[in-house]
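Undergrad: Each chain, letter by letter, is given below.
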Amino acid sequence: MKRTQFSSPVLPYLFLLPQMTVVFIFFYWPSVQAIQSSFYLEDPFGFGSTFVGLSNYTDALGSGEYLKIAWFTAVFTIVVTFLSLSIGLLLAAKADGVIRGSSSYKTLLICVYAIAPPVAGLIGMMFFDQHIGPFVKLAAWAGWDMKVGINYYDTAFAMIVVSVWKQIPYNFIFFLSGLQGVPVSIREAAAIDCRSPARRFRTVMLPLLAPTAFFLLVINMTYSLFDTFGIIDVIVKDKAANNPITLVYKVYMDGFRGNDIGGSSAQSVILMIVVFVLTVFQFRFIERRVHYN
Amino acid sequence: MIRNILAASLLLSTSANAFAATDITWWHGMSGRNGEVINEIAKKFNASQDACALTPVSKGTYEEALAAGIAAFRSGEQPNILQVFDAGAATIINAKGAAIAAEDLITQAGYTFNRDDFIDGVRYFYADSTGKFVGMPFNSSAPIMYTNTGAFEKTGVQPPKTWEEFEAVAPKLKEAGYIPLVQSQLTWEFTENFFSRNNIQFATNNNGYDSVEGTKILVTNPEHVMMYKKLKEWYDEGYFGYFGAGWSDNQKPFEENKVAMWIGSSGSFGGLQKTAQMPFSATFLPYWNEIKGAGTHSFIGGAALFAMSGRSDAENKCTADFFEFLTSAEIQYFWHKSTGYVPITKAAYELAKKDGYYDEQPVAEVGIQQLSLPGGEWAKGYRMGFYPQIREVMEREYNRIFSGETSVEDAMKTIETEGNALLARFAKTSG
Chain A
117 MKRTQFSSPV
127 LPYLFLLPQM
137 TVVFIFFYWP
147 SVQAIQSSFY
157 LEDPFGFGST
167 FVGLSNYTDA
177 LGSGEYLKIA
187 WFTAVFTIVV
197 TFLSLSIGLL
207 LAAKADGVIR
217 GSSSYKTLLI
227 CVYAIAPPVA
237 GLIGMMFFDQ
247 HIGPFVKLAA
257 WAGWDMKVGI
267 NYYDTAFAMI
277 VVSVWKQIPY
287 NFIFFLSGLQ
297 GVPVSIREAA
307 AIDCRSPARR
317 FRTVMLPLLA
327 PTAFFLLVIN
337 MTYSLFDTFG
347 IIDVIVKDKA
357 ANNPITLVYK
367 VYMDGFRGND
377 IGGSSAQSVI
387 LMIVVFVLTV
397 FQFRFIERRV
407 HYN
Chain B
7 MIRNILAASL
17 LLSTSANAFA
27 ATDITWWHGM
37 SGRNGEVINE
47 IAKKFNASQD
57 ACALTPVSKG
67 TYEEALAAGI
77 AAFRSGEQPN
87 ILQVFDAGAA
97 TIINAKGAAI
107 AAEDLITQAG
117 YTFNRDDFID
127 GVRYFYADST
137 GKFVGMPFNS
147 SAPIMYTNTG
157 AFEKTGVQPP
167 KTWEEFEAVA
177 PKLKEAGYIP
187 LVQSQLTWEF
197 TENFFSRNNI
207 QFATNNNGYD
217 SVEGTKILVT
227 NPEHVMMYKK
237 LKEWYDEGYF
247 GYFGAGWSDN
257 QKPFEENKVA
267 MWIGSSGSFG
277 GLQKTAQMPF
287 SATFLPYWNE
297 IKGAGTHSFI
307 GGAALFAMSG
317 RSDAENKCTA
327 DFFEFLTSAE
337 IQYFWHKSTG
347 YVPITKAAYE
357 LAKKDGYYDE
367 QPVAEVGIQQ
377 LSLPGGEWAK
387 GYRMGFYPQI
397 REVMEREYNR
407 IFSGETSVED
417 AMKTIETEGN
427 ALLARFAKTS
437 G
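The listed protein sequences derive, respectively, from chains A and B. In terms of our numbering, the first sequence opens at residue 117 and continues consecutively. In terms of our numbering, the second sequence opens at residue 7 and continues consecutively.
Hints in this document: simulated from the structure, not taken from any laboratory. Just so you know, not all the hints are guaranteed correct.
If you want the footprint, here are the derived chain A segments under chain B, 3+ residues with CB under 8 Å [as the list claims (entries may be wrong)]:
1. 266–274
2. 351–357
3. 374–380
Result set (SDA-like, lysine to any residue): computed pairs, CA atoms no more than 25 Å apart in a straight line [said to hold, decoys possible]:
4. K353(A) <-> S37(B)
5. K419(B) <-> S171(A)
6. K359(B) <-> L278(B)
7. K50(B) <-> G82(B)
8. K253(A) <-> G252(B)
9. K264(B) <-> Q164(B)
10. K359(B) <-> G277(B)
11. K353(A) <-> E70(B)
12. K238(B) <-> D261(A)
13. K184(A) <-> E415(B)
14. K263(A) <-> V218(B)
15. K280(B) <-> Y364(B)
16. K180(B) <-> S409(B)
17. K138(B) <-> S37(B)
18. K355(A) <-> L206(A)
19. K238(B) <-> T168(B)
20. K280(B) <-> M241(A)
21. K222(B) <-> S171(A)
22. K280(B) <-> D245(A)
23. K167(B) <-> E70(B)
24. K355(A) <-> I386(A)
25. K236(B) <-> T28(B)
26. K343(B) <-> A320(B)
27. K184(A) <-> Y269(A)
28. K184(A) <-> I308(A)
29. K263(A) <-> D416(B)
30. K222(B) <-> G371(A)
31. K353(A) <-> G38(B)
32. K238(B) <-> H247(A)
33. K355(A) <-> K419(B)
34. K180(B) <-> G162(B)
35. K102(B) <-> F155(A)
36. K184(A) <-> R406(B)
37. K355(A) <-> G38(B)
Backbone N, C-alpha and C define an ideal beta-carbon position, used for all residues, glycine too.
Kindly generate the complete structure, drawing on both the sequences and the hints.
TA: Listed below in structure tokens is the structure:
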């Protein structure tokens with residue numbers, strides 16, 4: 117590769133400046149503010165505040181409800197990530213093998229991705245509506261008295277189904293392009309060596325897909341943790357009550373609806389730490405096993 | 007059509023002429039039909055005088071309007087008028103200096119302000135402990151009970167006035183194939199207004215009016231616990247239908263003629279006329295006959311307008327002018343008729359009566375009649391900080407009662423513990 121030389125040592129920094137400004141204004145500065153206000157209990161209008169040390173953190177982490185939400189967030193993230201990755205991979209592997217009419221299949225699978233999360237939530241909510249939902253009627257036929265909005269587990273089920281459904285097309289696109297990037301020569305060589313397609317897939321195709329899969333793992337986890345906000349908001353219809361919510365939704369409820377600036381800042385700092393730990397873990401332990409060409 | 011174009015061009019020319027007018031803004035949390043009516047009121051105000059030009063801006067929901075108002079205030083960009091809903095009232099009233107008391111604003115502008123002009127139910131809710139109006143009551147509603155006329159004709163029973171009477175008629179309504187009772191917001195209709203209708207203390211420190219320090223919520227009151235035990239009992243026997251914390255999920259079965267009684271807002275009247283598939287009427291929110299002193303008026307629901315501080319005197323004068331305009335009998339009557347919210351002044355109520363509005367629409371009078379019932383010591387209002395969050399705790403625990411995850415006693419204890427913790431946190435925010 118050709119090395120680019122800059123004539124002046126200042127120039128590269130100048131090119132970096134716009135990006136760094138954006139990162140600073142929209143990430144570092146609010147983060148510092150959040151850390152600062154997490155140590156205070158503050159009047160929402162900004163008239164008074166009391167320094168409370170770590171008590172916003174201990175209040176959150178000591179609350180059974182908060183821990184319950186954290187537990188749900190973890191389970192939700194793992195289940196949504198696992199299901200949307202595996203279903204996406206399965207569909208991609210199948211679509212990769214289709215010869216006739218493959219583009220129409222692909223288009224049908226991909227077009228769901230164009231739906232915005234709140235719209236996906238709305239469509240999903242209609243499926244699971246207590247009064248008119250077709251899925252609820254189907255479940256009733258099978259003897260399942262489904263009560264989304266009242267029963268914790270039924271609501272969790274609806275949330276997971278809608279979130280997974282929304283994310284499959286994204287994974288599908290990446291897995292499919294990953295599969296199609298595998299050279300024909302390798303496929304033919306593998307076909308000569310091994311008769312079982314399942315084994316070929318596991319031993320040859322999967323390792324070659326690893327960089328894509330790793331990238332998708334990171335994306336899907338952040339999706340489940342943060343981007344499902346719109347879906348959750350629509351499903352709980354603005355009233356969380358006893359329904360499951362994720363940690364991000366809790367920050368929104370306490371901060372924007374409850375006007376508790378200190379408490380919600382502490383919660384968002386906790387989230388920042390979680391994301392930081394996750395990132396370190398992913399890059400130190402998982403990425404090592406991924407072989408980029 | 008031509009008349010519309012004429013009216014539009016007339017409006018354009020008046021706004022073009024009004025270049026010297028003082029601009030004031032009003033942030034609110036209403037949308038749909040109510041938002042349109044607000045725009046009409048602003049147009050009427052702007053057309054009625056030249057000195058001020060009012061621009062209403064919808065900020066989404068009540069919560070979003072409050073959050074936007076707070077963010078704007080902190081950066082010095084606050085609107086002149088901010089609409090704040092009932093549960094958020096403590097947040098703005100306790101932030102001393104965020105709002106100018108409506109009463110002061112109006113008297114400083116040279117108008118006379120008479121508290122007795124307002125109907126009983128709205129006089130204290132947004133006032134301080136001395137009775138001075140801090141917020142200007144605006145869209146006010148009452149929780150009332152809508153009744154399915156057909157269901158009562160079929161069974162030959164009368165809509166109940168008390169919960170004792172309800173227990174007597176519920177089995178007959180159930181037999182006739184109806185769910186006897188549903189409601190749309192337990193926190194507002196069966197907790198807050200349980201305390202007002204039955205005249206029971208809701209929080210220490212004079213329902214929170216006297217001080218934020220040491221205020222405690224009294225949800226474990228035995229009568230309040232009894233109310234929820236009854237609700238659970240009725241739910242198990244099929245006398246009470248519960249479809250979660252969402253408002254419309256519970257309203258829908260009533261509209262579909264499956265329910266005999268639905269407790270909603272007096273402001274639901276307009277929408278219900280379009281969506282209900284059967285004739286309906288309305289009556290007061292029931293109370294318990296066995297509770298001594300019960301039968302007082304309910305708290306007002308809805309929202310009030312707050313004049314934000316930090317704006318110029320000229321702008322404040324315009325805000326006062328608008329408050330005067332808004333509380334005039336004609337505008338109140340217009341608002342009442344167009345939205346279903348109650349008129350807040352006695353003069354407006356008289357005007358509506360004189361105009362024969364209630365002869366045509368008797369249901370429209372139920373809310374204001376309920377708010378005009380005799381008051382009691384504990385029916386004036388409540389003031390608790392972080393109350394929106396306390397409501398969320400209630401919603402969570404009430405859902406758990408009906409899904410069988412917890413008992414009524416445990417739920418109330420949890421609400422008391424978490425509610426008191428939130429109140430103590432709020433007391434610290436003022437520094």
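Undergrad: Each hint: holds or not?
TA: Comparing the hints with the structure gives:
no.: 1; hint: 266–274; result: holds (count 3)
no.: 2; hint: 351–357; result: holds (count 5)
no.: 3; hint: 374–380; result: holds (count 5)
no.: 4; hint: K353(A) <-> S37(B); result: holds, 17 Å
no.: 5; hint: K419(B) <-> S171(A); result: holds, 23 Å
no.: 6; hint: K359(B) <-> L278(B); result: holds, 22 Å
no.: 7; hint: K50(B) <-> G82(B); result: violated, 29 Å
no.: 8; hint: K253(A) <-> G252(B); result: holds, 20 Å
no.: 9; hint: K264(B) <-> Q164(B); result: holds, 18 Å
no.: 10; hint: K359(B) <-> G277(B); result: holds, 22 Å
no.: 11; hint: K353(A) <-> E70(B); result: holds, 15 Å
no.: 12; hint: K238(B) <-> D261(A); result: holds, 19 Å
no.: 13; hint: K184(A) <-> E415(B); result: holds, 21 Å
no.: 14; hint: K263(A) <-> V218(B); result: violated, 39 Å
no.: 15; hint: K280(B) <-> Y364(B); result: holds, 18 Å
no.: 16; hint: K180(B) <-> S409(B); result: holds, 21 Å
no.: 17; hint: K138(B) <-> S37(B); result: violated, 30 Å
no.: 18; hint: K355(A) <-> L206(A); result: violated, 36 Å
no.: 19; hint: K238(B) <-> T168(B); result: holds, 18 Å
no.: 20; hint: K280(B) <-> M241(A); result: holds, 24 Å
no.: 21; hint: K222(B) <-> S171(A); result: holds, 21 Å
no.: 22; hint: K280(B) <-> D245(A); result: holds, 22 Å
no.: 23; hint: K167(B) <-> E70(B); result: violated, 37 Å
no.: 24; hint: K355(A) <-> I386(A); result: holds, 24 Å
no.: 25; hint: K236(B) <-> T28(B); result: violated, 56 Å
no.: 26; hint: K343(B) <-> A320(B); result: violated, 32 Å
no.: 27; hint: K184(A) <-> Y269(A); result: holds, 13 Å
no.: 28; hint: K184(A) <-> I308(A); result: violated, 53 Å
no.: 29; hint: K263(A) <-> D416(B); result: holds, 23 Å
no.: 30; hint: K222(B) <-> G371(A); result: holds, 22 Å
no.: 31; hint: K353(A) <-> G38(B); result: holds, 18 Å
no.: 32; hint: K238(B) <-> H247(A); result: holds, 22 Å
no.: 33; hint: K355(A) <-> K419(B); result: holds, 21 Å
no.: 34; hint: K180(B) <-> G162(B); result: holds, 13 Å
no.: 35; hint: K102(B) <-> F155(A); result: holds, 22 Å
no.: 36; hint: K184(A) <-> R406(B); result: holds, 14 Å
no.: 37; hint: K355(A) <-> G38(B); result: holds, 20 Å
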